[in-house]
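Modelling step: build the complete structure from the supplied sequences, incorporating the hints.
The chain contents come next:
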Amino acid sequence: MTTQAAQERNLEHSVPLAALAIAFLKVALYGIGGGGGLVWARRIAVDQRRWISEQDFADIVSLCQFMPGPNIVGIAVCVGTKLRGSIGAIAAVAGFLLIPWTIGFTLGVLYLQHAHHPALQNILGGVSATAAGLLIATGVRMLLPHRGRPAAVLFAALAFGLMAFGKLPLLFVLLGLAPLSIAVAGIARAR
Amino acid sequence: MSSPPAPFALTAHLALLSSISFGGFPTVLPDVRDFVVATHGWVTDQEFTNFFALAQSIPGPNMILMMSFVGWQVWGFPGALASAFATFGPPCAMYFASYRLWDRFRDAPWQRIVRLGLVPVTMGPVIASGMVMARAADAGWQAAAITVAAAAITLATRLNPMWLLLAGGTLGGLGLL
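Protein chains in written order, with the working numbering: chain A, 1044 to 1234; chain B, 6 to 182.
Incorrect hints may appear among the rest.
[Said to hold, decoys possible] Restraint ranges, calculated between C-beta atoms of paired labels, are given here: (1) A:S1129 x B:L160: 20 to 26 Å; (2) B:A17 x A:R1234: 50 to 56 Å; (3) A:H1160 x B:F110: 50 to 56 Å; (4) B:L160 x A:R1192: 18 to 24 Å; (5) A:K1210 x B:T44: 42 to 48 Å; (6) A:F1215 x B:A102: 21 to 27 Å; (7) A:I1130 x B:R117: 27 to 33 Å; (8) B:L21 x A:P1193: 18 to 24 Å.
[Said to hold, decoys possible] A few chain A residues that face chain B, going by a derived Cβ cut-off under 10 Å, partial list only: (9) W1094; (10) Q1108; (11) V1116; (12) G1117; (13) V1183; (14) A1195; (15) A1202; (16) F1203.
Rather than coming from a laboratory, the hints here were simulated on the basis of the structure.
Glycine included, C-beta positions come from ideal geometry on N, C-alpha and C.
Structure (structure tokens):
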């Protein structure tokens, strides 16, 4: 545990603020549509840079689901905080927002003065169908470490079903299921 | 048209809404619409819908962008900046405080249990939002096949998702979906 902690501390010092900002700039530019950023945040922070473990990333996503506001900004805040403290959070959020906001806002203001283009709409349709698949795969991948526990699979399936088919609001689903799921995990561990 | 109190009223209202937007900013969109369209008439219904569609199709922080378009309509560029800050500022402070707290209790026995219980419950909705997006984008079985193929390839390989998005966009652009 101590060696792991020491390793983590070494890792923290080796992540430059610029690298953090650039990573989240990529997350913002690559992630089209709602939730797309999650796919890229996980790929860059966990798979490519190995800044944080799969488990820590899943923790961060879980935590952010319970907070108000744009979840992906929350992921930037948490990953930045974990790696470099408050200055890291600022770097990650600045990387995520500054350039993409400027580009998006400029494009948007220009675009709003023109009508919708059918060809553009078709391309966007294909992109968003693919993006939906990427999001599903990211969720499945973060669940994989828990596949050995039947209770985890059951609660994931319940949460999925209530959202996708029950059309219940996210907060309602989370507040309803989380205490039960945590209680079951606590009982299973106590045995 | 843009009397001095308007930008301040909008900014304050957005800051309040972003602080209570549990489950993501889209959950408070109906409230934003009531405020800017029905109550104040700063934006027409059509414009509001356009802002939404546009923000969804640009890469980047889409809800922050959408609120910037609203702010821009009310008070030009300063309004856009103020609305952007009101949308992400308060949640950022809350994320920071709560992650600090979570990190402080790292390795506490209760945290392991909370994690074991929490992760499945929060990943279900991630998968569900992929499904909901797929349905919103849905134009027939071809689009559904693209979604399934993209998910399967992502799980089976470490292929850069950019290639998949490019392929999906190309198929769509060719009118195959």
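Evaluated hints:
1. Checking the proposed 20 to 26 Å range against S1129 (chain A) and L160 (chain B) shows it is violated: the Cβ atoms sit about 36 Å from each other.
2. Take A17 (chain B) and R1234 (chain A): their Cβ atoms lie about 52 Å apart, and the range 50 to 56 Å holds.
3. For H1160 (chain A) paired with F110 (chain B), a C-beta distance near 52 Å keeps the hint of 50 to 56 Å intact.
4. Taking 18 to 24 Å as the suggested C-beta distance range, the pair L160 (chain B) and R1192 (chain A) conforms, at roughly 20 Å.
5. Taking 42 to 48 Å as the suggested C-beta distance range, the pair K1210 (chain A) and T44 (chain B) does not conform, at roughly 27 Å.
6. Remark: the range hint 21 to 27 Å for F1215 (chain A) to A102 (chain B) is upheld by a beta-carbon distance near 24 Å.
7. For I1130 (chain A) and R117 (chain B), the hinted distance range of 27 to 33 Å is satisfied, since their beta carbons lie about 29 Å from each other.
8. Taken as a hint, the range 18 to 24 Å is violated for the pair L21 (chain B) and P1193 (chain A), whose Cβ atoms sit roughly 42 Å apart.
9. Interface hint at W1094 (chain A): violated, since its Cβ lies 15 Å from the closest Cβ of chain B, which is beyond the 10 Å cut-off.
10. Using the Cβ-Cβ criterion of 10 Å, the hint placing Q1108 (chain A) at the interface with chain B is satisfied: the shortest such distance is roughly 4 Å.
11. Hint status for V1116 (chain A): holds, given a least beta-carbon distance of 5 Å to chain B, under 10 Å.
12. Annotation: G1117 (chain A) was flagged as interfacial toward chain B, and the flag holds, the nearest CB pair being 4 Å apart, inside 10 Å.
13. Hint status for V1183 (chain A) relative to chain B: holds, with the closest Cβ pair at about 6 Å, below 10 Å.
14. Nearest Cβ of chain B to the Cβ of A1195 (chain A): about 4 Å, under the 10 Å cut. The hint holds.
15. Given hint, A1202 (chain A) at the interface with chain B, holds; its Cβ is 3 Å from that chain's nearest Cβ, closer than 10 Å.
16. Satisfaction of the interface hint for F1203 (chain A) is found here, the shortest Cβ-Cβ separation to chain B being roughly 4 Å, below the 10 Å cut-off.
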